[in-house]
Amino acid sequence: MNINVSIKPGNRIRAFYLFFIIFDIQMGVGVIGVPRFIYMEAGRDSWIAILIAYLYIALVIYVMFVILKKYENTDLFGIHADIFGTWIGKLISTIFIIHFGTSFLSILLTYTEVVQLFAYHELPNFAIAFLIMLLVLYAVFGGIRVVVGLSLLLFISTFWLYFILYDPIMRMDWHNFLPMFQTSIPELLKGAKETSYTLVGFEILMIIYPFIANKNKAKLPAFLGLTLSIFTVLLVTTISIGYFAAEGLKHIDWALLILFKSASLTFLERLDYIVVMVWLMVILPNLVFLLWAISYGVKRVYKVPEKITIWVLAIFYLTIVNFFHYDYQIGKLTDLIARYSFWLIYVYPFILLIFVLIKKRKRRQGSEEA
Amino acid sequence: MKTMKICLILVSLLLLLSSCMESFQLENLGVILTRGTDITDDGEIEVTLSLLQFVKDSPNVNTTIRGKGKTVKGAVRNANTKTNQEIVVGKQELEIYGRSAAEKGIKPLLDTLRRDANVPNTLFLAISESDASSLFNVQDPGISANLGEFLHGLIRPGEEKRIFPERSLPKVAALINTPGIEPTLPILGMKEGIPSKYGIALFKEDKMVGQLPLKDEVLVQVMEGTLREHYYEMTIPIEMVADYLSDKSHAKKNKNVNMVYIVEKGKGNIKLKNKEKLQFKTTINMLLNLLEISESLKLDNPEAIHGLEKEIENNIKKRFEEILSIIQELNADIFGYGVQYRIHKKGGELTTEEWNRLFPKIDVEIDVNVKIIRHGEVHR
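Listed in order, the protein sequences are those of chains F and B. The numbering of the first sequence is our numbering, which starts it at 25 and goes up by one. The numbering of the second sequence is our numbering, which starts it at 1128 and goes up by one.
Quick caveat, the hints were computed from the structure, so don't treat them as lab data. You may find that some hints are simply not true.
Listed next, the in silico DSS-like pairs over lysine-lysine satisfying Cα-Cα at most 25 Å (straight line) [unchecked claim]:
hint: 1; chain 1: F; residue 1: K331; chain 2: B; residue 2: K1132
hint: 2; chain 1: B; residue 1: K1298; chain 2: B; residue 2: K1334
hint: 3; chain 1: F; residue 1: K274; chain 2: B; residue 2: K1331
hint: 4; chain 1: B; residue 1: K1298; chain 2: F; residue 2: K274
hint: 5; chain 1: B; residue 1: K1129; chain 2: F; residue 2: K331
hint: 6; chain 1: B; residue 1: K1473; chain 2: F; residue 2: K214
hint: 7; chain 1: B; residue 1: K1334; chain 2: F; residue 2: K274
hint: 8; chain 1: F; residue 1: K274; chain 2: B; residue 2: K1473
Just need the whole structure built from these sequences, with the hints factored in.
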């Protein structure tokens, strides 16, 4: 396996697109339900917990850049092969591929659940998953540039969703935030940890990095994308705390969609039906990026052609969605991902950094001695 | 050619898949606009539905049907057996609870509204002065033809006013769950055969415990937030303003002065003065615009205006004290003194039990500031 990858000029993307990539992959189904989880841990001071998560993730992204800069032009899989050797490297790379795979499944299932809850309760899982898969496959077969273009396009076409939140903002009760600064630091940190399911996804940076043409300009768009994601989570959580009662929010599963329900226009009374459908555009980049990352990763690690991986996975997902019937099964899957992705995405890059630094130093010493 | 074939297969699949969804045709739907919910003596739930129907050549767009059941949805299903249309909740605008149901507690009845994603969040809640079903017995053909809209219009005369008596479902559900503040809901009742606004229902958590007359809505609203452009009628004894009368002989003839103002801007505010002694200070500021007065006063004299302002302040203060003693006796903190208490408490947590114990003991100092900034085209 080659550690460094060479990308054809036609397949490269501008660093500027990283903004849309990072933002789109972080925003998905997680943000719909996240206020409840943060609130249960951090209470009225949830906004501080989110800011802590912001600082922490910014640090993680910085570490990812440091690691990537040590190499000429590589991705996570190449680094694994370089640091841990063929077998252990393959194993860790496979863990990441499985992480992308489970994330894909949980997004697909959660969105299916939302559609069934809010719009078509009699529509079977398979039908919804099939329709979504058609779009996903179409985009992924187009290659990296189509995938990135799609994320840009869907970002622009879903941006108006922010404006619907004007209505719940006006109905907020600001007393719900007082008194401030009463939450203890461990609770705040736990609250910050609860963002993990929603905010993971930025690890795509380590996969897509070799495709970036002007790498020296990659940092700013990545951080700005993260900033917008954090702003969105902060906005949704803050409104939820103000809009729902303290006791109420602990039992509300789909906070964001209920906030959207609050708004109503004279010519369009039930805006929430449209929002549920438009949400497909929000999760589509997630699914597309994940499937692309899986197929690319499998090709890098096992040399299996992308087409085969994509078809096999499509059939696999369309089969497995039929076995999920209960809400709690999906909840458990989400919970599982939240728990392990904290270690895999929030903590692992630091461990990798240590290995990379040791290895590079040894190599330099080795070359000096020689 | 190959891509064409695939496209063709996919398009035909899409056509077939669309039949997986249930279709809704407007002519086959009975759209609930307003629902009245009562609990009968034998514990069953009875619903009265005002439905919007799209039937060709029918003079009435509204029909009213009733149903009974153990649950709210069950009662609606029961009502559905009496009509040839499918009843849907997606456009429900108002839910009215009968008085006895409200006194038993509305939480079990609210459950379906919170749980069902099809129920809009813009739904308003109200209480009926007697049984909710009685509000639907309207003989006036002009009103009964569109009863559901009429009842909703009572609660919300115009778009986007955000004022009492409008109480939306999420707001009420949130207030029921918040310790230290209790919800209020509008009461509707029949006056001369026509449904009308009747008063303000006071709640203790989810149970109705008392009521205030409709004229107190100004004070309830002012304490809730900023109040703008609202009529306010009041009566003061004439001897209080006798010095400023244009014709002093009126002071002997009439006993009272009646007047109507527009509250240009009103704002209420609660402060905790002393946490241990449970002392609160309530400030009410109002800017008024005189619209009508039954006696001619020398309003070109600033002293007359200030004298009048003072009387109005005393009047408001007295009424507010009366309301306070009523709600303290009922232990229903509708103004949210408990929220201020919680904010200043260490840890910021307050339980309902704790506030139940403390609220009857609180001591409130009331400070009312009224300014009559305009008195219309004439000054006498």
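Which hints from the list above does the structure break, by number from lowest to highest? none
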